[in-house]
Structure formats: structure tokens, C-alpha cells
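> Sequence:
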Amino acid sequence: MDRINRRLAKELTELITDPPAGIRFLQEQEGQANSNSNLMSWTLILEGARNTLYEGEIFQLQFRFGDDYPFSPPEALTASSVCLSILSMLSSCKKKERPPNDAGYVRYAPSSPSQTQWFFDDDEV
1 MDRINRRLAK ELTELITDPP AGIRFLQEQE GQANSNSNLM SWTLILEGAR NTLYEGEIFQ
61 LQFRFGDDYP FSPPEALTAS SVCLSILSML SSCKKKERPP NDAGYVRYAP SSPSQTQWFF
121 DDDEV
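If you're matching positions, the sequence shown starts at 1 in our numbering and goes up one per residue.
What the hints contain is simulated information worked out from the structure, not anything from laboratory work. We put the CB at the ideal spot given by N, CA and C, even for glycine. None of the hints are false.
What follows is a list of derived Cβ distance ranges for each label pair:
(1) L15 x T116: 21 to 27 Å
(2) G66 x K94: 35 to 41 Å
(3) P70 x D102: 30 to 36 Å
(4) P100 x M1: 41 to 47 Å
(5) I58 x R6: 26 to 32 Å
(6) I16 x L77: 17 to 23 Å
(7) P100 x D18: 36 to 42 Å
Assemble the whole structure, with the sequences as input and the hints as a guide.
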């Protein structure tokens, strides 16, 4: 666990000091970036890309890291109203609408995103 905390502390420091465009770490309280108890859960703010339908919009995602990180990816949870389909097309979407099967997915979705079984409407893309 100490190895994971060191790695996460290093990655978080890099994210805070040199963040990718449109992404920032939400620091809820003083010292959060250095607290071991908070290293396992990060909240990130994503800004909608320029010249897209989502320009000017703000999305909040929470990442939870497990004890086997980096061998297993973190769980990404939405802390605001954004769905994976929107995330995947932030730069190319032309109108805001939910995917056709959104209601069915939401009704039967597993509680953990890592348990999701992917279904693609268009296998040609």
C-alpha cells in the first residue's frame, strides 16, 4: 500500500503542477493533495473542449483507486450529469441528446462501472 500511495502522490503532484488542458484537480480542503487518506479518491473538473457543443460546460468526475493500482484502472464515477457517450464525443458531437438506449442502461446498469459490459451500436466506428 505504501508503494501505491507514493505512486499516487507523485501522479497527483504532476497533475496539479502541470495539468492537461481543461482538466484540474478539485482540492476540497487544505492539504488534501498530501493526505494519504485522500490519495485513493480524486475529484477532477473537466471543461468542455473549445469550439464544441460542450464549450463552457463543467463536468466533475471522481476517480477511486483500488489496492491493485496501477495493475487495475481506477473506477471513474460521475459527480455531475455526464455519461460515457458524451465523454467519448466531446469534440465531435453536434447536438445534445442522450443515447437511444440510455434509459434501458440506467435502469439495469451495475452499481460499479467496472462491471459494465460494453455494447456498441455501430461496430464500424
